[in-house]
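Trainee: Each chain is listed here by its residues.
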Amino acid sequence: MDATYYQQQVQKLPKLGLGLGLRHAHFNYILEQWPAVDWFEIISENFIDSGGRPRYVLDQLAERYPLVMHGVSLSVGSTDALNFDYLSRLKQLARAIRSAWVSDHLCWTGAMGLNTHDLLPVPLTEETLAHIVGRVRVIQEFLERPLILENPSTYLSFAHSTISEPEFLARLAEETGCGLLLDVNNVYVTCFNNDLDPLAYIDALPADRIVQMHLAGHQHCGTHIIDTHDREVLSPVWALFQRAWQRTGGVATLLEWDSQIPPFPEYHAELLKARQFMNELPPALTARPVVEAETGVVSNPLSFLTPGIMTEEPIIASSRG
Amino acid sequence: MQTVLTDSAGLGAAMRGAAAQAVLPLQPADIEQLIAPSSRMSGGQRLAVYQRGYFARLLECMAGQFRVLKQALGEELFEDFAREYLAVYPSETYTLGELGARFAQFLAETRPDLDAPPEEREAWPDFMIDLARLERAAFVVFDAPGSEQQPAVDWSAVADAALRLAPGCELLRFRYPVNGYYQAVYRGENPPLPPAQLNFLAITRVNFQLVMFELQPLQFQFLQQLQQGRTVQEAVAMLATQLEMGQVPAEVLWRIWRAKWLPRGFFVAS
Ligand SMILES: [Fe+2]
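One line per chain: the protein sequences are A and B, in this order. First residue of the first sequence: 1, per the numbering used here; consecutive thereafter. First residue of the second sequence: 1, per the numbering used here; consecutive thereafter.
Calculated from the structure, these hints are not laboratory results. What you are looking at is a predicted structure, and each value in this text was computed from that prediction instead of being measured.
Take a look, some chain B residues computed to stay more than 12 Å from chain A by CB distance:
no. : residue
1   : 161
2   : 174
3   : 269
Every beta carbon over 12 Å from chain B, so not counted as near; a handful from chain A, in silico:
no. : residue
4   : 126
5   : 129
6   : 131
7   : 134
8   : 144
9   : 166
10  : 198
11  : 203
12  : 246
13  : 269
14  : 275
15  : 279
16  : 290
Derived list of chain A stretches under chain B, where covered just means 3 residues or more per stretch with a C-beta under 8 Å from a C-beta of chain B:
no. : stretch
17  : 113–120
18  : 147–158
The C-beta atom is built at its ideal place from N, Cα and C for all residues, glycine as well.
Let the hints inform the model, and build the full structure from the sequences given.
Mentor: Shown next, in the form of structure tokens:
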């Protein structure tokens, strides 16, 4: 299939509304309350190998909510060969839970067989663009659906980069037909860390290729911003959301919260703030950011990715004899 | 970039290290040629954000997967071991589920008294290794394919010949009573390290919940026979010979065990 075919598929993807990330800590609440959330996004790696409770819970949710699979291990920018075992697990789960789409990041996670489990930046050059275009095409053929790629938070850029990130994403979408996941918090983080204008970044993206948005909280460390996903969305990010909402006509929007995860109602309430900012800018935009030391916080936290086998509920029975 | 990120030695040392030099022979000063500075940070400082993040993020995952071991070792010592572990056995797969797979093995390979004769070795490394094995096994059984989704079985109608040990049933032998320690930590207690004592454990899963079942040595041997592919009949025969008790008492013993183990998810019907 060619780029036009996948582009048409992208255009047909539904506007799902306001969604939340599915977190282990909220399993019981969701199963008991069936809260009125428009849709859930799962971290693909959490479920593609699960034969236990996580997958069992997911299958129940798939009956009631639209689901989207968001991955962190595709490593589309790497020079290592694509992992077709991983891809076939993605494909299998996507079919089983009728995932509305499958996304990952414009990044590499490792090379020479190793996985750093981080979303590392790629040099933005003609050479890497051609490399990634080729890989996206293979991935889309294999998955038999368009791939949706997200702009990562970056903390550095390469001196030999020649293409801006939004232009890189636009050309990638043009040449492969893939869709885009616009993380407006990542735009804010990346633009601060690289001295760029975040509004200009958003305006430079092809709005008709954007399928989904991410919102999240970050931590300002003075010299740089870390994408911590551990707090509420900050005002400047809501402002970017407003611009992107207007430009895209309101695509599926998801709030990420991966560390210091609050109780479900609080998490949901933070997401619903998005309704206020679809058409209006947040107040206090000019306030100075709160600056905190980097100590103890990480970008794209991972610990929520593996199931806590111990929760507050007594799931362990111990017996003798 | 990756080789520098995953080195526990710090940025300058990592770049000069053999691993990084083998990939790309660069000196720390070359970073500024490769990585653009921002208005507030040099290229090296920006790379260092990723390097700090690499260990911090994975250490958090290790702490989540070895919660009890972390309490037993104390935070600082746990982090030292986990950091060295990640340096020696970095992740090679797409899933974090495998991150801790070789941790117990690593602890055994790096115990401080490795070269001493067994009788002169200290006790605490044995305890920690056992604990790491237990936590890893529980983690694996929790999310392994189980038999919950199979149609319900009327066990009274299943003959011994059709019983097989459930694929998710894990049998473990420990030198320390780590199960009691593990349970106590999860109850929120801060138990002392127990003295050595052989501990036999079966870990199974019922309704997606873990079951930790302490076994007598004889029961453990019996279940091991099944695990090795022997039939219940063969295992009962072994029991009879071992106990010099004859076939009938062995059969009686098995009936008692069978009734206890069936509802605990030990078996599947074939
Ligand atoms: Fe995101």
